[in-house]
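Asks: Build out the structure end to end from the sequences listed, making use of the hints.
Number of protein chains: 2
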Amino acid sequence: MTRLEKQGAAAREAARQLAILDTDTKNRALSAIADALVVKSDLWLKANALDLENARANGMRESMQDRLILNAERIKKIAGGVREAAALNDPVGEIIEKFTRPNGLVIRKKRVPLGVIGIIYEARPNVTVDAAALCLKSGNACILRGGKEAINSNLAAVDIMRGAVASVGLNPDCISLVEDTSRGSASELMHLDKYIDVLIPRGGAGLIRAVTREATVPVIRTGEGVCHVYIDAKANLDMGANVLYNAKCSRPSVCNAAECVIIHSGVLAPFLKKAVPLLKQKNVLLKADERALKVLGSDAVAAEESDWDTEYNDYILAVKTVDSLDEAIDFITLHGTSHSESIITDDPAAAESFLNRVDAAAVYHNASTRFTDGGEFGLGAEIGISTQKLHARGPMGLEELTSYKYTVSGTGQVR
Amino acid sequence: MTRLEKQGAAAREAARQLAILDTDTKNRALSAIADALVVKSDLWLKANALDLENARANGMRESMQDRLILNAERIKKIAGGVREAAALNDPVGEIIEKFTRPNGLVIRKKRVPLGVIGIIYEARPNVTVDAAALCLKSGNACILRGGKEAINSNLAAVDIMRGAVASVGLNPDCISLVEDTSRGSASELMHLDKYIDVLIPRGGAGLIRAVTREATVPVIRTGEGVCHVYIDAKANLDMGANVLYNAKCSRPSVCNAAECVIIHSGVLAPFLKKAVPLLKQKNVLLKADERALKVLGSDAVAAEESDWDTEYNDYILAVKTVDSLDEAIDFITLHGTSHSESIITDDPAAAESFLNRVDAAAVYHNASTRFTDGGEFGLGAEIGISTQKLHARGPMGLEELTSYKYTVSGTGQVR
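Protein chains in written order, with this note's numbering: chain A, 2 to 416; chain B, 2 to 416.
Hints in this document: simulated from the structure, not taken from any laboratory. Certain hints may be false.
In this list, chains with the same sequence are indistinguishable; a pair is considered to hold if it fits within one copy or across any two.
To be verified - The calculated lysine-lysine pairs, modelled on DSBU-like cross-linking and capped at a C-alpha distance of 35 Å, are:
hint, residue 1, residue 2
1, K195, K235
2, K235, K111
3, K149, K77
4, K275, K77
5, K99, K275
6, K110, K149
Replies: See the structure below:
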């Protein structure tokens, strides 16, 4: 057995114990984690300082360094997130359905944890704790594989969390970290079918595509978002400008931010007149198609073909002109990533058609794409936003980290 | 674009149309398929005769030839299956949940088709029709890739089905066959992420493992079944012998048949005394561990280590002795395939512990593993039995061929 196989087997064993654990014990473990992260924050900060030192020495971008950095306030917030997970309903054990067959068999469909969840992510130490807490609450063991840039922070966090769960009598192997951050270890993890039930990559499009391509363990793809706001011929243009500004500018780095506005030609000029002054407040770079460019003039540059498929994660917005709702839907079908799409219109028929026909995790009428989020949907915390159709779609909370099994009670029935 | 990419793009377009189609039209298409299969059965039988001729020339095993063969009676049965699919409830469009958020957003979780489903299977022409019918009823387009041994039968069946759906005004590309049966075409299909939402391999363990290993399209693993019957210390031994006989012998070739009996040492001799005469009726070959072998003598041969992990699909049964329920559960954890597991006991505590702790799609108390089946569970027809935990577990009917999307209706909300 390799080191990772041993870790997998230990996680599998811990998952068996966790699967039948009562809610109270899981909540006590989560409280212990939250407490320990604060009490031992010096340890965690010291490890984080080491990562930051390396980051600076290696010339890491400021924005990346910001994701990596911990401080007392952030630790408090992370610990708060763990307490919130404890407060959420435990989905495990729910009888989803119960029915009796004509032959007398009593069949129950019962919610159970997935088992062992592998999380592959980049240099964000908060993910280490968030993911572990959600997995624990939903009765799953987790194997965490963070980026090498955060390895010291992650080692410290996992050490603190393992100590905390052990202190309330749980098997610490329900949370573990892949300590080897080489490419090889990620690859081995992706093929650990025997011990891992599902892999959730969290990070940029490159990471997600690489995991999808290579893994034999089932993967849930998350977070690629080329999201559109479509301004219909019958849109309330003030509302449209306001929603677009929010969808693009409130937090451009996240996956539910809009990357492209599609404008019906009938309202092209009047809409841009309202929207551009708002977008200018944040110096949004507009990349427009030919027709929009004529209206925008020096306020925009010409879009290239590749712009329609780019997740900028920045203050950049593509602008596309269409002549009909159908053309807008076709454009979204071709260039969207099935994440979040919004129509702004006062025409109920257009809204209904858009909601029915656009194939995405979340489809909006007269609202910002930014609402695609576990918290905003009322699911509590989320482990990611699924952009695939298998298993779970959109924000994944605790319930999306479960499966089910059938239990069948008989009196000697044979077939 | 390659030929298969074109086929994928056409299926994707058909799926968009199918996704919003009303139930009546889908049912009319299914009726048309059932009618056409019977009316044009000469065409289908002629193509099948060609496959059989090739099969004999290539020395195909009798049992394999039997799976391949069509006749009037079988066609009638297959057409009947299509009519049954028409009679099932349409899961698409169901509002699974609806809730209003404090900010006034109305969120609906709505059941939608998966989209395009790829089915990779072996030489069984009935699968071609069964799978197409279930996909169509659940609003999914399908791309079928059957074995080369059945290519003529499949070409004819798909031709008849496409004609039938076109006759009621549907896009025929909602059903298509991969005509190239080379290894290369299967491989290309497994990487057609852009057009296929999920791949379902149906066939032997080798096929399923190969698809899981290679595919980048999400896969649902089905049908690997190393199933156990555990005879507890407090079992009703007559019931146990009867259930075991049924689980092993009623249809040994299927995935829910038992491959191994686990016997508590306290009832080893008396149980075998009851079970062996039944199993002898079918000349079941017993492969026993050391303790069971002592009791069985010349009625058995010694099991080898590999026997515990073998899906015999034949009149062969492994016999394992344990000293406790815990040991039985550990053995199942180690050697089971998470398909179907059964405990025979009159002890409610032992039954509850087994049902809770054994991690499988279907866990039975005092009943045969043979009930793991869409029809027996009341789901109607099934497309396969999932042995993974992601998306669907156990028998997969129409509902398991769907996903969901969130539609969000607002009045200009921003975040």
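Asks: Next step is simple, just say for each hint if it's right about the structure.
Replies: These are the hints, each one checked on the structure:
1. K195 to K235: between (55 Å within a copy, 33 Å between copies)
2. K235 to K111: Between copies, since 26 Å is at most 35 Å while 47 Å is not.
3. K149 to K77: within (24 Å within a copy, 62 Å between copies)
4. K275 to K77: neither (41 Å within a copy, 65 Å between copies)
5. K99 to K275: between (55 Å within a copy, 34 Å between copies)
6. K110 to K149: neither (41 Å within a copy, 38 Å between copies)
Comparing the model with each earlier hint shows violations of hints 4, 6; every other hint is respected.
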